[in-house]
Amino acid sequence: MKEKIFLYPRFERFWHWTQAFLIVLLLLSGFEIHGSLRIWGFEKAYYLHVYCAAGLLILTAFSIFWHLTTGSWRHYWPVKEKIPQICYYYAVGIFRREAHPFEKRPDQKLNPLQRIVYLFLKIFLYPLQFVTGGMLFLYKWWPKLGIKATFSGTVYWHLLGAYAFLLFFILHIYLTTTTRPWYNHIRAMVLGWEEVEVR
Amino acid sequence: MAVTSNWCRCTSCHAGYGWKDRHFDFAPEKIDCLVCHDTTGTYKKFPTDCGYPPLKDKLFAGKKLFKAVNLSYVAQHVGRTSRESCGKCHFYSGGGDGVKRGDLDSTLRAPSRELDVHMDAEGLNFTCATCHTTVAHEIDGRHYDTPAPGARRFALPKDDGHRVRCESCHGRRPHRAEKKLISLKHLKLNDHTDRLACQTCHIPFYGRGLPTNIYWDWSTAGRFKNGKPIVEKGPLGRPIYHTKKGTLKWGKNLVPEYHWYNGTMRYLLAGEPLRLNAKGQVLLIAPAGEPDDPQSRIFPFKPHYGRQPFDPVKRTMVIPKLFGNKGSGAFWTEYDWQKAVTAGMTEAGLPFSGKVAFIETVHYIPLSHMIPPKEKALKCAECHVRQGGRMEKITGIYIPGRDSFLWVDRIGIFICVLTLFLVTVHGLFRMVMSLKRR
Amino acid sequence: MGGWILLALLLMVSSVWSGQISSGERSYFKPPASTADHSKFESLKKDFKTPEEVTKACLSCHNKAGEQFGGTLHYTWTWKGKDGRLLGKSWVINNF
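Protein chains in written order, with the numbering used here: chain A, 426 to 624; chain B, 777 to 1214; chain C, 149 to 244.
Source of the hints: derived by calculation from the structure; they are not laboratory data.
Some hints here could point you the wrong way.
To give a feel for the contact side, a few chain A residues facing chain B, derived at Cβ under 8 Å [stated by the list, open to error]:
(1) 453
(2) 459
(3) 471
(4) 522
(5) 525
(6) 580
By construction, the Cβ of each residue, glycine as well, lies at the ideal position given by its N, Cα and C atoms.
Use the sequences and the hints to build the structure in full.
Written as structure tokens, this is what we have:
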């Protein structure tokens, strides 16, 4: 039996899609600055990168506020249960039409694997990109800010972070389709309501 | 080549009278006040008279008439220096209009805004001394191993009138938006001033006025046709072969070569052990500077390549006597390098083995003049590009867009492509399984 | 994070302010009018036979100019290098 549950309030949906849009632009413009792509030309790519980064920074500030005040941060608290089962599901069970071992509920929207990955994203990858990116943007002020680092070393870490984001992006997009119908998760993120099996 | 042994030809550009050998008497009355302070444009020094102006009408090289200078008239009309007066010598360095510098030639007498935004005759109309500020006849500029005075910031009263650097007027964060409070573009441009000289972006090309000499092969000089000297003109209207000079190459609108530069040049003197670059060319005059020196900047240069006599036994550069009378050994009258070098080295008091051979040399000329309007400055992507950018050969800094971390890129791309492949396979397998089920 | 952003913004704004110097008035670089008309000086109303005579006449009023100019590169073509070598136009060589 199927049931519709409300998972994603308006701010979360806005946050998610704006963030997705900005990250795509940041990846494209960032890799253009890095010399890997040619889309807008170096100069425009640079401006786009900085504007998108500033946008993401503001969005992130709002989302931190949101998570703290609404208590939504609890969704990211890591749990140990069912991780092997979930791995088994994606490796074997999914092909046999087995049910997902994790049951989505409004009070636990994210499965344990998602929790780990998103938490890593929030406490490690975002700060890494913001700090290294901000440093690169302000590199002229390092002496005044008391920062001792090399430009190329900072680029190195920013680039590692960029590849990590790209990897996340590929996996994330694919995993959104691993449901029935394949657009179920995506529709939920647009409308807020998701159809789930009631067991 | 050198001034030594060629005095009277070279010292026609000396601000003095009668420097005809090493023993010139630097007495005050030998100073030439008029060459700098003439405002009439009628004072010209004769090209071979050791700095004296012609006092009666005289022909140079049997062709060009130099009119007698009316000393009283010129003396009664002295004044400040001008582009005209400085240019009398400085436009013609290297032996002709625009030959040596690549950023100074007679087109700067009344330049357009396009050619020189500061000297623009109908605009700012700077003279040379507007920037080459002068205190008590001491004219600001780089002096061999001593950088131009002043700091890289606005010139202040404490700088005692020195205002020769770009930063003296433009400051160290010179780019700013006309209207906006904050402009990302200008912020980023200003960030560049720690590693780039202003000249690097703002002199995108040199030789924009007249053609400038880029290669000079002295070894072919001295050929005659039916006993007559040869002057063969090339497409730019400049000689590509000249019996006195050899084979010459010229260029217009050329892209500079970039090097780290601390504001001083390194000189190789005749008689000193050779310093060669990676191509085996002798570095006669080359920029000094290092990427880790906070005073050094990336700077544009005109490289001037030459092939000129040296001593293959002692392995030193030599001074040939070019200018002189018959019997003096001068190359331009006897066309014998052996004799010319013997005469030159004797006068210079330097040892010479007696053997003459030719060697490739390079002489770098820093470019600071002929700054076009800001719209013509280099754009980001002319340097921030993986290959073929202007900064391609600059070492010691990480340039985004040019540089990368090869292994980070390789591993990063490998992992991402592999993941893409795996999820595609996973997805296809899901589709196959669900089709089967139907 | 917030303080850091604020600091960055402050730095940006202050850098923009520090760059606010009004663009040069064009007339600024016109040389000031001369304080002397040299055609009126008796010492110059002569029929000079040699250029040295002109120099002497100049130096009779500009009595420090000879000493000043005599020490400059434009006159000596000699520059004592920091390593003790003699540089300057009359000592160096090039390929022109």
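Now the hints, each set against the structure:
1. The criterion of a C-beta within 8 Å of any C-beta in chain B is not met by residue 453/A, whose closest approach is roughly 14 Å, and the hint is violated.
2. Restraint check, residue 459/A versus chain B: the minimum CB separation of about 6 Å is within 8 Å; hint holds.
3. Because the beta carbon of residue 471/A sits about 7 Å from the nearest beta carbon in chain B, less than 8 Å, this interface hint is met.
4. The interface hint given for residue 522/A holds, since its Cβ lies 7 Å from the closest Cβ of chain B, which is under the 8 Å cut-off.
5. Using the Cβ-Cβ criterion of 8 Å, the hint placing residue 525/A at the interface with chain B is not satisfied: the shortest such distance is roughly 13 Å.
6. At a threshold of 8 Å, the smallest CB-CB gap from residue 580/A to chain B is about 6 Å, leaving the interface hint in force.
In terms of the numbered hints stated before, the structure departs from hints 1, 5, listed from lowest to highest.
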